[in-house]
Structures are given as C-alpha cells and as structure tokens.
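*Asks:* So the chains spell out like this:
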Amino acid sequence: MNTINSGRLIIHKKPQNASDNMAIDYSLLLNYKKPILRLYTWSPPAISIGRFQSLREEVNLEYCQNNNIDIVRRITGGGAVFHDQEITYSFFIPEINHYFPNDLSRSYQYICNSIIKALAYLNLKAEFKPINDIVINQKKISGCAQTRKRGVILQHGTLLIGLNTKTMFKCLKISKEKIADKNIVKAEDRVTCLDRLLKSNIDYQIIINFLVKGFSDNFDIHFTASDLNDKEKLTAKMIAMNIFNNNRWLNDR
Amino acid sequence: MAIFRKKIPGGKLLIINIRINNGKIAKLCISGDFFLYPERKIYLMENQLIGTDIKSYSIALKNIISEHKIKLLGIGIKDIIDLIKLAFNEYD
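Protein sequence lines correspond, in order, to chains A and B.
Under our numbering, read the first sequence as residues 1 to 253, first letter to last.
Under our numbering, read the second sequence as residues 1 to 92, first letter to last.
Be a bit skeptical, because a hint or two may be false.
Said to hold, decoys possible - The list that follows gives simulated cross-link-like pairs (lysine-lysine, BS3-like), each with its CA atoms no further than 25 angstroms apart:
no.	chain 1	residue 1	chain 2	residue 2
1	A	K129	B	K6
2	B	K71	A	K149
3	B	K27	B	K78
Said to hold, decoys possible - Selected chain B positions facing chain A (Cβ under 7 angstroms, derived; list incomplete):
no.	residue
4	D33
5	F35
6	L73
What the hints assert, rightly or not - Chain A side only, calculated, beta carbon under 10 angstroms to chain B, not exhaustive:
no.	residue
7	Q53
8	G77
9	Y108
10	D217
None of these hints come from the bench; they were simulated from the model.
Every value quoted in this text rests on a predicted model; they were computed, and no experiment measured them.
Where is the CB? At the ideal position from N, CA and C, for every residue including glycine.
Only chain A is shown next, with the shape it has when bound in the complex:
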C-alpha cells in the first residue's frame, strides 16, 4: 500500500477535563499545518452541548453540579453528549482535498467511514446513518460534529466503550415526549457500546490501534506519534480560559 500522505497522531497518556479537551481541539484547528488524528478520553465525566443548543433546555445543571460532571459548550453544532467511557477522536483535514467533494454531507460520511473500518476490524458491521451517526443494528455507537475554519475541517466524535444510561439520563433533559418510563427504555435501546457488543472487557489500547488503522486506511495517511508543541499548548491554555471556562460562552443561548 502506498502511503502518500503523512499526518500527526496525538494520543494523550491521561484523560483530560472537558475544557482542556475542547481547547486542544480548537488550538490544533487554528494552528493547523498537516492532517492530525487526535484520540482522547475524559475525566471527570462531562456533558458537551452543541454550539447552538440551549444550555437550560438540554442539561440538568443542578444534577451535574452536585455530581461533579463538567459541562462544556462545543464550537461544533450537533447535540448534547455524555462523555464518560468512550474514546473521542478529532480529525483535522483540509476542506479541499482529493478524498471527498467540498460538500458537508459527503464529508461527514467519508470521515465516519474511518470509524466504520475500525469497527470492521473488530468484526462489527457498522453503517453510516445520515446526518452524523454510526449505527450497529440500528443502534447508535458513534456520533460526531464538524466545524470548518480557515479552510480546515475539524470533525470530532465519540466511540462508546461503556454506557451508564442511568447517569446520562439524569444529566440530560429529555423532552416531555420522552420522559415516560417506557420511552426511557426505548431511548436506551437506541444506543449501544463496545462492552455490550463484544461482551468482554475492552482493552482501550486495542480499540485505539484499530481507530488509527481505520483512519490510516481510509485516508491513506501514515501517522507519526506527536505531542502538542509549545505554541499549540499556549493557544489551548488561552482558549480554555477565555472560551471554554467562560460562563458567557457556556450561557450563550
């Protein structure tokens, strides 16, 4: 296989908090030089809401505060996500490329194909479900969101390893229509995770390896391990302080 492109692979040794995770993504986007695949985890558990979501409509603020669950507003649109037992990916690629046309829907699908390939290596048959979901037997295992700045796409998304639906539904406000018990069961039926599908203890490292392979194969990119450089770290620090830890941003709508 000819690998004609090179990219950076950033894998954090430890989980990070919500603001830092989002700030690093934004910093890498602003400082973009070549394709990046970043894989990370979250501690403490957190809710991230989409750029355009109403904080009060989506999140049980009191429950989150009382249970030390972080809340962050993403720079990307999309829905509210409970981040806990998952591996999150962030992928950075130019808008104009030879992989997919400059079309929003097609770009989501093409990038998500990397995750689908990774799941195939685990013998799991996953499908892309427009607009931005990956499902296995119609149950969602991965969601994602995208933004573009200065000609670069950032798409970040989740791959669920385990799922604590009880906590998730306490953090998130489900609309009135879904609040009845029978609908909570239904909502739970709409998601799945690797723990349930593989019925064994998941080694995060194995999943990480397959995710890297999925992106590498999908984009024909050879990834080299990399850390954030000093400029990226400083930018991330400033962004964490001024944006993601800023109440005005969180309460934007």
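Assemble the complex: chain A is given as a structure, and chain B must be docked to it using the hints.
*Replies:* Just chain B now, with coordinates in the frame of chain A:
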C-alpha cells in the same frame, strides 16, 4: 418570550425563543442540535430579524442566508420560516 419547537423528520430539533411586540420580532434566539456554517453567523441571522414583521421576516432571512452563504444541516430555511410563522400566528 415564547418557545416553539420542531423536530425535523430525518433531521434535527429546531427551537425558537421569540418575543413579538406590536406585530414585530422584538427578541429572537434560535437553538437546537443542528449545524450551521459559518457558526458565528447565527448572531447575524437573529439580529437581522429583529424589527421584521410577518410580511418581511422570511425575505430578510432568505437574504441573510444567501448574502452570507450560510449553510444549514439538519434544518432548512423553510423550517425556520414555518416556525416563526407559527409564532406570529400564536401572538395574534
């Protein structure tokens, strides 16, 4: 302020938080789990609709979207127009 919600079939949830005074939009907040590009244009969209009435709001919205090349994913211009129309009708 009144809240109007619409789940777009095969798409996302659109919520408008709106106040209409004397037949004109006085306050507007558009929220939901949709995608909009470029993201910062949401403020422009909301601000430019302030002061419009039932006859002028939809053309104002179409103009902003066209002029600023705003792209929507998960909701359409028509969905926003329909939901604001509902608000105007409810306020009457």
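*Asks:* None of the hints should be skipped; say for each whether it holds.
*Replies:* Right, here's what the structure says about each hint:
| no. | hint | verdict |
| --- | --- | --- |
| 1 | A:K129 - B:K6 | holds, 21 angstroms |
| 2 | B:K71 - A:K149 | holds, 14 angstroms |
| 3 | B:K27 - B:K78 | holds, 20 angstroms |
| 4 | D33 | holds, 4 angstroms |
| 5 | F35 | holds, 4 angstroms |
| 6 | L73 | holds, 5 angstroms |
| 7 | Q53 | holds, 6 angstroms |
| 8 | G77 | holds, 4 angstroms |
| 9 | Y108 | holds, 8 angstroms |
| 10 | D217 | violated, 27 angstroms |
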